[in-house]
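Chain by chain, the residues:
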Amino acid sequence: MIVKKGKVLVEQRYPVNPFSSRQERHKGTSYLVMDPKRSKLAAGLKTGLQHPPQEHDIVLYLGASAGYTVSFLAQQTPLLLAVEFSPVMMQELLFIAQELPTIAPLLADARQPEQYEHRLCEADYLFCDISQRDQVDIFNKHLKYLRRGGIGALALKTRSINAVTPPDIIFKKVLNTLQQRMEIVEHHRLEPYQKDHYLIIIRNDTTL
Amino acid sequence: MKHIVLHEQTTAKVLHKAKAQQYHKKLVKENTQLTIQDLKTHEYVDELLINAIAYLDTLQDSFEQQGTKMREALRYLDPETAHAHRDMDSLVTAVRNKGSALGKSSALGGTIASTSKHYILGMIPPLLQLKEEKNRVKTYLEHNTSRYLPNTTALIGPELAARLVQLSGSRKKLAFLPSSSIQVLGASKAVFRHLREGSKSPKHGILFTHPLVKKTKDKGRVAKLLADKIAIAAKVDYFSGEYIGEQLKKEVEEQL
Numbered sequence: 001m002i003v004k005k006g007k008v009l010v011e012q013r014y015p016v017n018p019f020s021s022r023q024e025r026h027k028g029t030s031y032l033v034m035d036p037k038r039s040k041l042a043a044g045l046k047t048g049l050q051h052p053p054q055e056h057d058i059v060l061y062l063g064a065s066a067g068y069t070v071s072f073l074a075q076q077t078p079l080l081l082a083v084e085f086s087p088v089m090m091q092e093l094l095f096i097a098q099e100l101p102t103i104a105p106l107l108a109d110a111r112q113p114e115q116y117e118h119r120l121c122e123a124d125y126l127f128c129d130i131s132q133r134d135q136v137d138i139f140n141k142h143l144k145y146l147r148r149g150g151i152g153a154l155a156l157k158t159r160s161i162n163a164v165t166p167p168d169i170i171f172k173k174v175l176n177t178l179q180q181r182m183e184i185v186e187h188h189r190l191e192p193y194q195k196d197h198y199l200i201i202i203r204n205d206t207t208l
Numbered sequence: 001m002k003h004i005v006l007h008e009q010t011t012a013k014v015l016h017k018a019k020a021q022q023y024h025k026k027l028v029k030e031n032t033q034l035t036i037q038d039l040k041t042h043e044y045v046d047e048l049l050i051n052a053i054a055y056l057d058t059l060q061d062s063f064e065q066q067g068t069k070m071r072e073a074l075r076y077l078d079p080e081t082a083h084a085h086r087d088m089d090s091l092v093t094a095v096r097n098k099g100s101a102l103g104k105s106s107a108l109g110g111t112i113a114s115t116s117k118h119y120i121l122g123m124i125p126p127l128l129q130l131k132e133e134k135n136r137v138k139t140y141l142e143h144n145t146s147r148y149l150p151n152t153t154a155l156i157g158p159e160l161a162a163r164l165v166q167l168s169g170s171r172k173k174l175a176f177l178p179s180s181s182i183q184v185l186g187a188s189k190a191v192f193r194h195l196r197e198g199s200k201s202p203k204h205g206i207l208f209t210h211p212l213v214k215k216t217k218d219k220g221r222v223a224k225l226l227a228d229k230i231a232i233a234a235k236v237d238y239f240s241g242e243y244i245g246e247q248l249k250k251e252v253e254e255q256l
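If you read the protein sequences in the order shown, they are chains A and B. The numbers in the working numbering rise by one with no breaks, and the one at position 55 of the first sequence is 55. The numbers in the working numbering rise by one with no breaks, and the one at position 29 of the second sequence is 29.
Don't take every hint at face value.
Quick list of in silico lysine to aspartate or glutamate cross-link-like pairs, EDC-like style, CA-CA up to 20 Å [as the list claims (entries may be wrong)]:
no. : chain 1 : residue 1 : chain 2 : residue 2
1   : B       : LYS19     : A       : GLU122
2   : B       : LYS13     : A       : ASP124
3   : B       : LYS26     : A       : GLU122
4   : A       : LYS144    : A       : ASP205
5   : B       : LYS26     : A       : ASP124
6   : B       : LYS17     : A       : ASP124
7   : B       : LYS17     : A       : GLU55
Rather than coming from a laboratory, the hints here were simulated on the basis of the structure.
Given only the sequences and the hints, what does the whole structure look like? Please build it.
Shown next as structure tokens:
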């Protein structure tokens, strides 16, 4: 479990928080509990992620969904651009965005960034959490909105690419294609928390 | 001198930060407004189609379950009626027509106290309501599918058309599916078993419920043929082409 100070916005799976003392609850400080089974970023942190989004990083988040991870990230970043395709999920995200003024929600298809690029700004951190067959393409398409030297994180769901091939073979293939174009900083298998998922961290370097 | 330069730098930094903050605020505000606008103009066609067909499923389930319990109770009061109507729909209609005359002319029924009879008769109105609700949802589905999927509906009927949308996810996804995928839509378990373990591929998925497929001996061939035409119909529907439903239907019947 990852614990952090902040506003509790998303319904917590463990309602009684074991970490806050009575005094703290009285003062109004609450602790966020990030469940690695629900958030791939939390799962990455549990498996030894060295490059999480830093404070003052502008984050571009693809596949924001109902905003579980977004609600944690938005409390430390100056700006979080959250792209989500499903209107029903976007409704949930907007309820969170009402509370957190740093979230800029975008209802759009991440396959066509040209359609909303005028609504973006240069990001320091790119997080891609899309469970689609072409998730790697989508990630690649958004690298141009990442500043030079910025960090990109790809949460790879191998089951979306091919349900039959073993996950590690797909992962190696993806890693090879990414390696030709950019510098891979680290990669993690999110196994006990997320089934058949990998987290790949790259650095946006135009020299490669 | 050095001191002044440092000071200038920090002012520039503060200014820059304030500007950035202003810009971020503007970005958030405009994006939120645009997103709300997008949400307002979004037509929930697929979502409601899928919801309606899933709602129809639950209605059907609860109708059958409650009806079974009613049939069980009816056996003690009027076994002849309970026995005569195998189909749940006709049983409910027969019971409604008889009303409180139930059990009066029965030869095999037991002795039932008046409170128990009230209990059994009380099960009927909710069943009738469920039946009415089912019909309402069916007419809604008919209306909506013939509006948004005219060709597919003409080919396979409203319920199956809505079912295909439910299984594929949306009209767009259905339109982009190849006919071989449509043929086995709804048989995902068998498909993945086929891919993983090399067992025989399924011949049909949800298309099995279509009367043409059900009737014939050569189910694989008919399902393939039907899926072929559905793939065409779904594409024409999605890109809102002209009405070719009847023509496709004729083609299917000719090739049978």
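- Message: Check whether the Cα positions of LYS19(B) and GLU122(A) lie no farther apart than 20 Å.
- Response: Holds, because 15 Å separates the two Cα atoms, which is no more than 20 Å.
- Message: Please verify whether LYS144(A) and ASP205(A) have alpha carbons no more than 20 Å apart.
- Response: holds, 11 Å
- Satisfaction of hint between GLU55(A) and LYS17(B), Cα-Cα up to 20 Å: Holds - the C-alpha atoms of GLU55(A) and LYS17(B) are around 14 Å apart, at most 20 Å.
- Task: Could you grab the alpha-carbon distance between LYS17(B) and ASP124(A) and see if it respects the 20 Å cut-off?
- Result: The given pair, whose Cα atoms are some 16 Å apart, holds under the 20 Å limit.
- Going straight from one Cα to the other, do LYS13(B) and ASP124(A) come out at no more than 20 Å? holds, 18 Å
- Query: Is it true that the CA of LYS26(B) sits at most 20 Å from the CA of ASP124(A)?
  - Reply: OK: LYS26(B) and ASP124(A) at ~19 Å, within 20 Å.
- Message: Given the hinted pair LYS26(B) and GLU122(A), is their Cα-Cα distance within 20 Å?
- Response: holds, 15 Å
Consistency with the previously given hints is maintained throughout, with no hint failing.
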